[in-house]
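K.L.:
Residue numbers (my numbering), protein chains in the order written: chain A, 1 to 299; chain B, 1 to 811.
Keep in mind that a hint or two might mislead.
The calculated label-pair distances, taken between Cβ atoms and stated as ranges, are [unchecked claim]:
1) A/Asp69 <-> B/Ala171: 54 to 64 Å
2) A/Asp189 <-> B/Ala537: 34 to 44 Å
3) A/Ser6 <-> B/Ala171: 29 to 39 Å
4) A/Asp84 <-> B/Lys756: 17 to 27 Å
5) A/Glu27 <-> B/Leu482: 49 to 59 Å
6) B/Trp426 <-> A/Val167: 17 to 27 Å
7) B/Ala171 <-> A/Asp189: 40 to 50 Å
8) B/Ala171 <-> A/Gly205: 17 to 27 Å
9) B/Lys719 <-> A/Val85: 16 to 26 Å
10) B/His385 <-> A/Asp69: 22 to 32 Å
11) A/Asp84 <-> B/Gly113: 43 to 53 Å
Heads up, simulated EDC-like pairs for lysine to aspartate or glutamate below, C-alpha to C-alpha not over 16 Å straight-line [stated by the list, open to error]:
12) A/Lys243 <-> A/Asp103
13) B/Lys749 <-> B/Glu716
14) B/Lys42 <-> A/Asp103
15) B/Lys40 <-> A/Glu203
16) B/Lys774 <-> A/Glu56
Just so you know, the hints here were simulated from the structure itself, not pulled from any lab data. Because the structure is a prediction, the values reported are computed rather than measured. By construction, the Cβ of each residue, glycine as well, lies at the ideal position given by its N, Cα and C atoms.
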Amino acid sequence: MSSLQSLDIRRRSATVTQSPSQREATEIAKLIDVSRCIGCKACQAACLEWNDLREEVGVNVGVYDNPHDLTENTWTLMRFTEIDVDGRFEWLIRKDGCMHCADPGCLKACPAPGAIVQYKNGIVDFISENCIGCGYCVKGCPFNIPRISKKDAKAYKCSLCSDRVAVGQAPACAKVCPTQAISFGTKKDMAAWADKRIADLKERGYKSAGLYDPPGVGGTHVMYVLKHADRPQIYAGLPKDPKISPLVEFWKGVTKPLALAGVGLAALIGFFHYVTHGPNEVQAEDEEAAAKARRTPAE
Amino acid sequence: MTNLWADIKNTDLVVIMGGNAAEAHPCGFKWVTEAKHHKKAKLIVVDPRFTRSAAMSDLFIQIRPGTDIAFLGGVIKYLLDNDKLQKEYVLNYTNAAYILRADYKFEDGLFSGYDEAKRDYNRASWEYEFGDDGFVKADTTLQDPRCVFQVMKAHFARYTPEMVERITGAAKDKFLEACKWIAETSAPDKVMTSMYALGWTQHSKGSQNIRTMAMIQLLLGNIGLAGGGMNALRGHSNIQGLTDIGLMSNLIPGYLTLPTDAQADFAAYMRPRGFKPLRPGQTSFWQNYDKFFVSFMKAMWGSAATKENDWAYDYLPKLDVGAYDVLRGWEMMHQGKINGYFCQGFNPLMSFPNRGKLATAMAKLKFLVVMDPLATETSEFWQNHGEHNAVDPAKIQTEVFRLPTTVFAEEDGSLTNSGRWLQWHWKGAEPPAEAITDIEIMAKIFLKVRELYQKEGGAYADPILKLTWDYEKPQHPSAEELARELNGRALADVPDPRDAARLVLRRGQQLNGFGELRNDGTTMCGNWIYSGCWTEAGNQMARRDNSDPGGLGLTPRWAWSWPANRRILYNRASADVKGAPFNPKQKQVWWNGERWTGYDVPDYGPLVKPEASVGPFIMNQEGTARLFTRGMMRDGPFPEHYEPFEAPVANPLHPKVGPNPVARVFKGDMEVFGKAADFPYVATTYRLTEHFHFWSKHVRINAITQPQEFIELGEELAKEKGISSGDLIEVRSNRGRVKAVAVVTKRIKVLKIDGKMVHTVGIPLHWGFTGETKKGFGCNQLTPYVGDANIETPEYKAFLVDVKKLGTTAA
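Bound conformation, chain B alone (with noise of 0.2 Å):
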């Protein structure tokens, strides 16, 4: 979230899309009811299916599945062509107004520098025009079709209401009358608010889907404004720590960057790690990234990362491909290529596509750890469960440890919330039986590992021998060491680099922030942007005072947020240019003719003066937002709509590229990909309110509420095959097949796309063969092995089935 949870209150407009607020994230929803009923909000949801935020909502639209980026595209172009803009905003928070290259372009599909052989694109020329000055160029009277907002309105130009109907199946009134009300908050003291989840996330172009809204938001000026923002809604308690603290296997704590095999020094790993401003005078904050990268360094490895040795550089990994993202890993693991594997609070056997292949793969391992609290399928993978998990156990090798772990009200901790705030939280019960944390687990394994390695020595030992390990109890690092850690502290007494007499720090104390970090090797942080947390001042998470400075719902001394407990990003954009805020009634930041004041901490430096022209997204190289994201992510510097890569119809903008070209496909997924001509179904899966994940159908209340799987249809399609609710059905799809009850239902409509009635199937996904609930086969045994073309989250959210009646009722 660039917001948080509680500011939902202040916005005119809610949107829903690629998400389900209302049934996934019930207790955030409430800041939705909140704005209605206090700030007369409207609510707008756009979905596949009527859900019961869409039974909440002012207006519902529904659309196929994967076609997101044509709604929103059509709304780019509404915004385009009814000059609905924040012009302030866009001409001087934006990137607008720079000149792009004349070689790049956008042809049939495809953007230049497309290779086909190797799927990806060269994007050299997906760049800005530069000056002689080093710095880019601008248009600032928009007007050069060069410049940012003239390619943009060229592209989009293509996204009529008609072939938003055409491809979306969204009735053209309808879509227009959403343009209307969204267009409305283009005025500087209105604001709309985007909540989406996995909706987006998971598709071949989840990325791009979320960009198109990024841009939308932009266009408003709602980015930074309180009730305004890109808020996504992270699906587990503590999802959005676990990406801070970088478990992405191409992450280091922070979004720092793991290296990769070409970078054989640190001088080489910071080459490309430079951020030169790209217009005069900007901050571009990623400047310091040696200054979070040395800390972390002395974090890991102390006083054997010296300048001498690279901060240990040689110690960390080095990436041979992009990333070992799951689908890789699985596929690997398929190949016989991995044979060992520990599984940590994750059930991939029902949440990884295409559970066969998954099924395959992990009988060819040699040992399984599984460590969670429950008894999960993917613990049981190699048991027979009848047709629910139909394996042969004498014929599965796998030799799997279960190591039952605490859950979260068994430990002390932080979890980090999607808005983005660590709360601490205290123990409330003793573990059951042999149950232990993760961490004292993980501590047991390293001190064994290491013990091995003394002893026996082995290929490199230095990274593990020489790991800080400094915790009072080594087999058991608590939560509170572990905190400090990650907040970090001086090793030697930290001078003021304006005034050398003077100290900022003395060795061993906490930092205040990131703000204090040296790349000098005097500072350790595990995570520079969890720097603040555990001050000298104590835990900052811990912190519950909900005073409310302002009455934004901002309450600054409740716990702590990252970065610098600052509560909405970006917040220097909801002041003018000269420093006055666009909505008087909802103030956060302020220049007050000395410094920026508020009731937020400001995303700026505290005495820059606003006339210093220094922008107000102070991280990016530009200083602005960028409507045009450069080389930035690998499918495009725009979002284009693209098929999902099992679609019903041809890709209406261009036949001959379908769907993303650049997403990777494995060989041998790309066979087992479905044809419309077979499966003419759209799919999509989703979660319901009853449920979390495959967690709580181990809980006897919430199986009670949602005891049993199954299917969501149609009532033409039902018609068409004859089938009433509470009928046992099969769907299949080319990967494999469900059999479950039939709902069928009023909330899910047959669409026209590009000219053919399309049904669609809504698949929820929470039923497996462990729990107390029925034993269900699982969406898993249906969806398609392929990821999002940057961040490789699989395409859950649209694929192609068939549909078939097995009986009238239920067994």
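One chain only, chain A, in its complex shape (with noise of 0.2 Å):
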């Protein structure tokens, strides 16, 4: 959300230079224990709270999942899947967001000179005044997890609560997790928290119960414990073996250079618009949905 972090940055999008790697930094995850998950929403809520957004309320479709997908301003969400497994009927309710990989495709994607960096923790958070709204980290998302505003036409997803960790604190959902579904610290300590948790679901019965960390994208530093690692298609769609598209592998090795070079292009005539027909002014309907932002419950 902000370049105003007390982070070390290993990595930034679109960017040559040498980032700063003078301090030392653990690398962090949040280990999501699906077991443990009663699907109360909570986390869902201190991430609107934490994070200052809200959505419009809206309706229901006839599912548990609300509201129904990731948007700019829900950056974490519960989904529900109703399903049989080995003969076992199961609700199975997974807290879907950005996972924070090793290997970031939004990153790799992305255009915009730092944009999209990657702390020396592992934490992935795009910088939003460097945004130009291109929308390539969503193609570049192996889990579909940015999404566009319509407001500012920037991109938007989970931050990790960067600005949280940064303090030393957890993020908002882990703080508030009333079952420690969430839990949040070192990925080696959550690696060890993940395999007490798997060895108790094995006892219970669940054989092919394990760790979520794929290896396509170099590890995540979200990572869940599943009771059917082999088939995590069936939590609401958590990709088996994801990968970077090969479009944005190609896109950074040779089509970037030029591409920024358009891009540098863009900017120039931006400059010139600017200067020609002056700044974008603040629209009627931005005001109002600045205002409904503002709403308080008590009116």
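Assembly of the complex is requested from the two constituent chains, each provided in isolation within its own frame, with the hints serving as guidance.
P.N.:
Structure below.
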């Protein structure tokens, strides 16, 4: 969300200059233990609260998932799946959101210098003031996470509460989770904790219980303990073997420098547009949206 | 709760039935996940729906709404047939061995003494056989055919696994699997915990639902043990406090009861409250009743309550009926017999059954005062909100006063949680606008009323004029002052009864606990069970030391729990007859050769030797727990399966006696019970984790997470009716209708009940016509106006409806 972080950066989008690398950083991770998750949506509520985000009050379309998809305001969402697994009925509940890949497709795809950064601790964050709203990150993400705002045409997604983590706090969702289905710590500790949980699940007859930390994206800094780790797709379409799209890899290798030149040109054109036509004015609907966002329940 | 939230982590088996802890008590459910992870505990969920609790379970069994007693009765039969009992416990700590009167009977669905005209029992025969010594006869071999154990065995012999399946729809193999897991906790060092809530209480036999499980827990020896117990999950942060403080029409604080019309003076009131021990040497702690009562009267009327005037006994109101419960109150309002109504922290227009009747009743009021932090539906019952509240304001003359109050975070005070802990909290924010505390509003109203009585006089003004009101600021009694009054203090020097030269308390001192209460007017105490919460050592409720000697999570120096800071009730029963813990790995209290000691406050005389044969259930006249309740419950000394008042089938056990034969039904309400021919589907109502009752829909974030009223249908029923998820449907009962979005789910299956396929319809309750969510109808448009036979809790959990598709897309 902001570049005013006290976290060191490992890499940034469309940038070749060396990032500061003096300080030590420990790799962190959030572990979501699906077998302990009761789907209470406290994490969703905490995310809206901490990040000052609000959705419109929607409608019910015949499911428990509300809102119905991730949006520029909903950075995390409980997804519910009713399914028979090996002859046993299960109601699978998965907290969806950014996985904070070690090899982030969004960052690789991003043409805007410094719009997407990866901190040394593993968090992948969007630096919104640098975002040009091109939507390449959406295409680059193997998990279909980023969303483009209708209000400011910038991309948004879970920041893993980089602002909280920077001052030694756990992400808001982990803080409020009543059953400790969401834990937060070093990636090493989280993997060890996951091992214990997996052992417990195996004892209870879930032979395929395991950790979701997909190697196709270099591992992730949001990991799941799944009862059926051999079939992640049954958890509302969690990809079995996520990989960055070959198009993105191609773009990164060959096309990007060329495209960047195009972006530079666009910026130049934009500058002349500003000089000749003046800045974009705030529209009435923007004011209205802002007023709605400020609205308090008491009213 | 007999136990406490954190203690659930100590269990080997959690049974969630009659509740949905993961959704309705998500923060408490963390202790289930702790038990599963650290103690390898298993979780069984029995419910009409596959809930979010079920999603966490090791075994889920779907039953038809309103058939819990049949299921649990089957469990009792399994335990008795397979000898899966904690024998030392059953023999010594329950009334299993006591002999019953020869004329006690149960035949064709009715207990002895039934009077059909009165819809009531003469309960005289539901009694023990007494010996010449005045004590109950017992057969410790448990062989006498008239002993409780044998009579119980005969009573439950009908609850075979086949009968359980026929009534409940639970598959026999799954039922037997559950029985097996439950039976394993009959081992002295294994425990099961029962977590339940409104899923058991909101039935016409709600109290008996709970009793059936209590009997199972006694047979297994699980009451009094860490990780065991009967754990009622209370629905509001302070609803335990509400009942403790006696906010029921027939109670005064600390579960003392209000006098009846027939009890003309204090002696007549005390006569049935002697609580003579029924077995030799028993404590029968309620023998101290007069000490609690007199101290309460001194708290109310101070020096105006004297021995000469029966401690101002005449000032107390006297009940002319069993109780003025909510159903009776609204029935009277409906008849025009109540014309003013103070509604405090409550939203009855949405909460009580048969909304049509409620709306008509409220329109007959002359005035309505609503004290609430929110603009509730009740306070706007006169406003037209289209089909969601189709009233004509021009025809409603009720004057409505809305007095905005603070929420808990805007005031100091204590909340009593499900585990009986009184936890002090401090004001976190100033209240908005003109909101003031409930205490301040009531104080100001009281002072004004008193002033009117002083100026103008009135019929019997003494109870008002002489009420103690010695607060520093009469208009603003502080939470501290009220808490100190609940604890109680000495009104005179109190000498030691064993040594008159020694003073227990000096005049004005705060009491240390209810053991210091006197029946001679030298002590005052607002609520005897809260005595000890604010002593000379200060506010015990504000303690925040979470040290945990023993490691069971009892944390005895965190806040304060009633009674006497005891964390687990009946904990003497966690030790064997000789005083050694049944489970050495989870030691609570034990006899050390000289006294009772341990990590909890012993629920027993600290110096009473184990060989003294004093039973562990010291509150009971028997000293033991009751498998057979004598005449204490209106609808039977043993539980029996009765159908809901609206049922899809005749009672398979006794077709002639369908629903609870003594549940009270008012004229006019009986007539609007629906029949299965017109309303073929069983409906049940419930809460969702995203909302808290009708309150959190006023909060934008909660509204976002569950924005609109919906109704859940199983796939089979949806297919029959051509309904898809997201369609707009109408659900009707014989009292009203609800239009809502359909959620078609695999989580509700069709059940085979007594040979008939029966569908269940699930109706969440949170939406109304005020707040941030989309407007909704509320499930009480549909629910029947009948309550539990003992405590009148309305039957929200089982009734009949019909379902119709209205459109393909929900508008």
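K.L.:
Taking the hints in turn, state whether each one holds.
P.N.:
Evaluation of the provided hints:
no.: 1; hint: A/Asp69 <-> B/Ala171: 54 to 64 Å; verdict: violated, 37 Å
no.: 2; hint: A/Asp189 <-> B/Ala537: 34 to 44 Å; verdict: holds, 42 Å
no.: 3; hint: A/Ser6 <-> B/Ala171: 29 to 39 Å; verdict: violated, 59 Å
no.: 4; hint: A/Asp84 <-> B/Lys756: 17 to 27 Å; verdict: holds, 26 Å
no.: 5; hint: A/Glu27 <-> B/Leu482: 49 to 59 Å; verdict: holds, 54 Å
no.: 6; hint: B/Trp426 <-> A/Val167: 17 to 27 Å; verdict: holds, 26 Å
no.: 7; hint: B/Ala171 <-> A/Asp189: 40 to 50 Å; verdict: holds, 43 Å
no.: 8; hint: B/Ala171 <-> A/Gly205: 17 to 27 Å; verdict: holds, 19 Å
no.: 9; hint: B/Lys719 <-> A/Val85: 16 to 26 Å; verdict: holds, 23 Å
no.: 10; hint: B/His385 <-> A/Asp69: 22 to 32 Å; verdict: holds, 31 Å
no.: 11; hint: A/Asp84 <-> B/Gly113: 43 to 53 Å; verdict: holds, 51 Å
no.: 12; hint: A/Lys243 <-> A/Asp103; verdict: holds, 9 Å
no.: 13; hint: B/Lys749 <-> B/Glu716; verdict: holds, 7 Å
no.: 14; hint: B/Lys42 <-> A/Asp103; verdict: violated, 40 Å
no.: 15; hint: B/Lys40 <-> A/Glu203; verdict: holds, 9 Å
no.: 16; hint: B/Lys774 <-> A/Glu56; verdict: holds, 11 Å
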